[in-house]
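> Below, each chain spelled out in residue letters.
Number of protein chains: 2
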Amino acid sequence: MEINELAAAGKRRPGFYAMVGWLKALQGKFNTKVVKVVKGTIKLGRDDPRRVIHSLKVALALTLVSLLYYWRALFDGFGVAGIWAVLTVVVVFEFTVGATLSKSLNRGFATLLAGALGVGAQHLASLFGEKGEPIVLGIFVFLLGFVCNITFSRFFPRIKARYDYGVLIFILTFSMVTISGYRVEELLEMAHERLLTIIIGGGTCMIISVFLCPVWAGEDLHKLIASNIEKLANCLEGFGGEYFQQPKDGNCGMVPKNEDSFLQGYKSVLNSKTTEESLANFAAWEPGHGRFKFRHPWNQYLKIGALARQCAYQIETLNGHINSKVQVPPEFLQIIQDSCRTMSIETGKALKALAIAIKTMKEPKHACEHLEKSKTAVKDLKTALKAASLENADILAIVPAAAVASILVEIVKVVEPTVSPEKPQLLHRGSVNPVLLDGESPML
Amino acid sequence: MEINELAAAGKRRPGFYAMVGWLKALQGKFNTKVVKVVKGTIKLGRDDPRRVIHSLKVALALTLVSLLYYWRALFDGFGVAGIWAVLTVVVVFEFTVGATLSKSLNRGFATLLAGALGVGAQHLASLFGEKGEPIVLGIFVFLLGFVCNITFSRFFPRIKARYDYGVLIFILTFSMVTISGYRVEELLEMAHERLLTIIIGGGTCMIISVFLCPVWAGEDLHKLIASNIEKLANCLEGFGGEYFQQPKDGNCGMVPKNEDSFLQGYKSVLNSKTTEESLANFAAWEPGHGRFKFRHPWNQYLKIGALARQCAYQIETLNGHINSKVQVPPEFLQIIQDSCRTMSIETGKALKALAIAIKTMKEPKHACEHLEKSKTAVKDLKTALKAASLENADILAIVPAAAVASILVEIVKVVEPTVSPEKPQLLHRGSVNPVLLDGESPML
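In the order they appear, the protein sequences are chains A and B.
Just so we're aligned, residue 1 is where the first sequence starts under the working numbering, counting upward by one.
Just so we're aligned, residue 1001 is where the second sequence starts under the working numbering, counting upward by one.
Since the hints were derived computationally from the structure, they do not count as laboratory data.
Careful: at least some of the hints might be erroneous.
Calculated cross-link-like contacts (lysine-lysine; reagent style DSS-like; alpha-carbon spacing at most 25 Å) [stated by the list, open to error]:
1. A:Lys386 / B:Lys1386
2. B:Lys1273 / A:Lys273
3. B:Lys1036 / A:Lys273
4. B:Lys1303 / B:Lys1362
5. A:Lys293 / A:Lys267
Quantities reported herein were computed from a predicted structural model and do not represent experimental measurements.
Sequences are here, hints too, so could you generate the full structure?
Structure below.
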């Protein structure tokens, strides 16, 4: 009945009817959105509880520093400057301990330094009299803004990543102090109060992030590198098992299922550089934790990561080849099959052993064994190819298989410096040998 | 004489002598540092004047907003809140127009929204009486901090990148307003003043960045993609010319100089993903400029970029093979030489034509011609390989060359969707066909 009425109303006023429908659709949409978010939150809590805990930690820190305001005893001490503690918490609290420490310490020291410099500049400018002061202050602000921007953006790119935030806060505080100084009477007292509240805000963040379910950037980097190597290992092992399987029902065994997830896992390794670099940057700020001492050689992880990426590029090319539906002549397949399978599987096993060794921080003894086996397979392949003769073979059909073999040999070459006996030192602190990054890789 | 005296003093007090030496060394070090920085600045001005101009622009904006403070007429209007304009400039002014607009607008709207919400929350909390108010406010701050963090960090990862800064400022302003509201009498007036100064600060940044030697993120993205494709083209052309050159003095022509810069240019393409994504994100904030309308399909550039990276991975593998010092049997080289050279050079030319077409925003007609030629070369290679017979050939020596040929064919496959006739639409606004990203690439 109601609907009929609405419909009747709709006939008279089509715009009204359309709007009712639109509102209903909107409400339905909103409801599904809310349900989706709530369901998502529950799922998130199961999948990645660290994110939920992080949000709780931020909220806790915010509530704690706002006590500065609510408690009269504290408010009387700090006054309105207490708001700077809130600001510091919102801006400084990051997901990992390293990022939080980096931002807190950068903010604290930059404020201290720039505050002192600002007070000095203000004092200097006041010597120029009533009229000269704003002009001199303006020149100071202009110069500092220019010099800081130019020096740090270009000349020290490595320092920049680590102290970027500090430089920003330095310019900010210097400008604020010198400019405020022109109007505010008790400049020193204001600067002192502000610094203190920033220390309180930053300190709260640091303490909560270090002691309450800490998320260590260093540990994340460690796990990321190990899991990346493991992905490559899975991919190579799976490839060896699928691509060079024993021919069944007359099939040459060259038809892998490309949808297999293990053959896709390496894709995330291709673009992991940025993540690795930022984690390594933050890890350098962290104190010793768990199995990692302070000043653990985090940069070595970047080198291993670069090698892993090198390997992933080769697998990407390999992946292009295994999509092929071409029939490899059985006589050629027989020549390369065994050694290629061994190369692929053993290299995969070596990488897996390396991943486990990184995880457990032990010597990767098994990795070397597996690598030796795959190196032997490379030699076997060479011998087999030397001895073979392909009088009536279809060369066209051989080429892709030859390419696969050749790329596999390249992969063994890339994996070698990663696994070789000098590398385990990565896991221990102390003298770390440089990793052969662009070592020659003479071919098959 | 003086040195002798110092030396004598040094004999008596070795610590003193060492210190003098140390101080001298330090002074020398400092001098060289200063000279280095000054020289570097001059060089930078020549190499990348945009950086220098950017620093000048930041300094100018800072100086302009500090006028809010220095001019009495303006100061009387804004009071101490003027300092928020300075803060806004330092935090918001970025290198590209898009980044500056994104941060300014995010900051402005987030402040407005959070301010209104905060005043509402404050009013609501005041209904709970003297004792209840801080508790209710604390709960509000806790809830908002938690919900904002969780919702945006996970459920809308794509939105996150674009509005990340806005969410931060939203939490910040809401916390500050609700918390300040507990102590500050004229909350509305304060919020109003602050919003106004933020608008002035953000507006100054936006105007300066748009009208004073603007650096457009969109244009940078456009140029980056074109130059990346050009690098790949140079690499392929150079490879074709060097690797498959006519044999001179009995040499098989398989000894390219790996140090050649054109063979290394592609390396920067491998890791360009992050840069491309952030440029595309900022470009979306920019108004129409030059040849680009507002809402230019920037995301299409990302797809082209992904294809270029795909191609770079293949070249990386190719690069591993051309380090080889192995002698390819002349009879096999003869079979593949011509078609491989054509594939490599013509694909390179097609990519170069595409890069030029992107730069000039015209139809890449020549690209299709070159692509056709390289596809014909693929067919020629197949025919040649089918017809060939290698009775006495050394298969071991053939394998790497076969791999090179096979990878080259793959590269032609990868380049095809980039160049094919549907793609030029990227350059025009309007209906853009989806780019085949993970298209099948059946093998040779």
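> Now tell me, hint by hint, if it's right for this structure.
Now the hints, each set against the structure:
1. Restraint check for lysine 386 (chain A) and lysine 1386 (chain B): the C-alpha separation of about 22 Å stays at or below 25 Å, so the hint holds.
2. For the hint pairing lysine 1273 (chain B) with lysine 273 (chain A), the CA-to-CA distance comes to about 10 Å; that is within 25 Å, so the pair holds.
3. This hinted pair does not check out: lysine 1036 (chain B) and lysine 273 (chain A) have alpha carbons roughly 31 Å apart, beyond 25 Å.
4. Between lysine 1303 (chain B) and lysine 1362 (chain B), the direct Cα distance comes to roughly 19 Å. Compliance with the 25 Å bound is thereby established for this hinted pair.
5. Annotation: proposed proximity of lysine 293 (chain A) to lysine 267 (chain A) is violated, straight-line Cα distance about 32 Å (limit 25 Å).
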